[in-house]
Amino acid sequence: MNFISDKSIKKLLHSWYTMLKHRHFSKAEEIKTSLTKYKRRLSKKQELHLHYQLMLFRHQLWMNQTEDLEKLKHELMLHKDQMNDQLQYYFYFFLGLYESLKSDQNDAIHYLEKAEEKLPLLDDELEEAEFHFRTSGVYYNNRYSLLSIRHVEKAMDIFAKHGDIHSIYRCKIVLALNFSDQKKYEEAEAILIEIIEYVKMIDDQELLGIVYYDAGFIKSRQNRHKEALEYFKKALRLPAYRKSAHSYVSCLYETVRSCFKENLTDEGMKYIQKGLKEAVDAQFDLLRIKFQILFLLYSQTPKADEQIATLVTCLERKEAWIDLEDLLADVSDFYKKKGDFERAAFFIMRG
Numbered sequence: 006m007n008f009i010s011d012k013s014i015k016k017l018l019h020s021w022y023t024m025l026k027h028r029h030f031s032k033a034e035e036i037k038t039s040l041t042k043y044k045r046r047l048s049k050k051q052e053l054h055l056h057y058q059l060m061l062f063r064h065q066l067w068m069n070q071t072e073d074l075e076k077l078k079h080e081l082m083l084h085k086d087q088m089n090d091q092l093q094y095y096f097y098f099f100l101g102l103y104e105s106l107k108s109d110q111n112d113a114i115h116y117l118e119k120a121e122e123k124l125p126l127l128d129d130e131l132e133e134a135e136f137h138f139r140t141s142g143v144y145y146n147n148r149y150s151l152l153s154i155r156h157v158e159k160a161m162d163i164f165a166k167h168g169d170i171h172s173i174y175r176c177k178i179v180l181a182l183n184f185s186d187q188k189k190y191e192e193a194e195a196i197l198i199e200i201i202e203y204v205k206m207i208d209d210q211e212l213l214g215i216v217y218y219d220a221g222f223i224k225s226r227q228n229r230h231k232e233a234l235e236y237f238k239k240a241l242r243l244p245a246y247r248k249s250a251h252s253y254v255s256c257l258y259e260t261v262r263s264c265f266k267e268n269l270t271d272e273g274m275k276y277i278q279k280g281l282k283e284a285v286d287a288q289f290d291l292l293r294i295k296f297q298i299l300f301l302l303y304s305q306t307p308k309a310d311e312q313i314a315t316l317v318t319c320l321e322r323k324e325a326w327i328d329l330e331d332l333l334a335d336v337s338d339f340y341k342k343k344g345d346f347e348r349a350a351f352f353i354m355r356g
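Residues 6 to 356 (this note's numbering) are what the sequence shown spells out, left to right.
Since the hints were derived computationally from the structure, they do not count as laboratory data. Don't take every hint at face value.
[What the hints assert, rightly or not] Cross-link-like lysine-lysine pairs, in silico, PhoX-like; alpha carbons within 20 angstroms at most: (1) 76 <-> 107; (2) 49 <-> 16; (3) 37 <-> 49; (4) 177 <-> 159; (5) 15 <-> 42; (6) 26 <-> 266; (7) 238 <-> 275; (8) 85 <-> 119; (9) 248 <-> 279; (10) 189 <-> 238; (11) 123 <-> 159; (12) 85 <-> 50; (13) 26 <-> 44; (14) 266 <-> 248; (15) 238 <-> 188; (16) 78 <-> 119; (17) 279 <-> 308; (18) 239 <-> 279; (19) 37 <-> 50; (20) 266 <-> 238; (21) 341 <-> 279; (22) 275 <-> 239; (23) 308 <-> 323; (24) 85 <-> 49; (25) 78 <-> 32; (26) 107 <-> 119; (27) 266 <-> 341; (28) 238 <-> 32; (29) 76 <-> 44; (30) 16 <-> 32; (31) 188 <-> 26; (32) 177 <-> 26; (33) 342 <-> 323; (34) 205 <-> 189; (35) 282 <-> 248; (36) 166 <-> 177; (37) 49 <-> 12; (38) 49 <-> 32; (39) 308 <-> 342; (40) 248 <-> 107.
Given the structure is predicted, the values throughout are model-derived calculations rather than measurements.
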């Protein structure tokens, strides 16, 4: 085997992360494979080994290869005090993104705040932009619109300074979703139409699926479910969209909700079966529970309300308050339409 210096390995690790950030996943996979040749060498150099493990953690998180992440997180946690400032930044940043994906939002924000403390020590503007962009998404998921917008605008300013048009458009997606939360629907939709045209031009089918889903989601927020379904189905028809596993399964879930709102119960049930399988396979527990609740609600099996209440308790234990707010409104509306005001009141009071 040819000799490789520590400096060259560090360059490879940096390139690996850069490829991930720019969504050049085949290149990232190549670098990951090439680094396995130097595993023995890495194991003897603690700093390089920890750097490698952190990049592996980010790689697996990005690719939704979640099977080994908890074990890797535990190993990294044991050595966080031996990490230098840069590696501690990566550790807290990546952990924040992981906890957000698991819907442990309080932990996610805690870790991101710790990462932000380390950020100035990196002296890397583009990494600063990446941090603010990703953090804006986490704050959006928690409906902290003002904080989300503040972070995404910081990211956009830096990306503009470096002429990174593609990243600016990715930031605009988060901006549009925040405008939707603020009920600025016309502004949100105008931004997404602009993004759709750009993404079609560069022919990024995976990103197009994400944007179609977000456009449909904004329509559903306005109770325009027929239009929402058109966007959701456009997204789901794109094979490349499946790579964005969490967005894809979320799109299936919102498709179910919109089907039921349009009284397309049979169609909604078909999407539930598909969505439930995908959520289980990807280990998206929160989405799995939400699919199960909608299935019980609309199939109305014996003691469905008791089973739904048990699953709602599971979501409460996970502190999934944002998800519960929308879901319990759906459950309550269902029982109201059936004239069962006692059950409707019971579930809306759980929100």
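List of violated hint numbers, smallest to largest: Checked against the structure, the hints that fail are numbers 6, 10, 13, 14, 15, 17, 21, 23, 25, 28, 31, 33, 34, 38, while the rest are satisfied.
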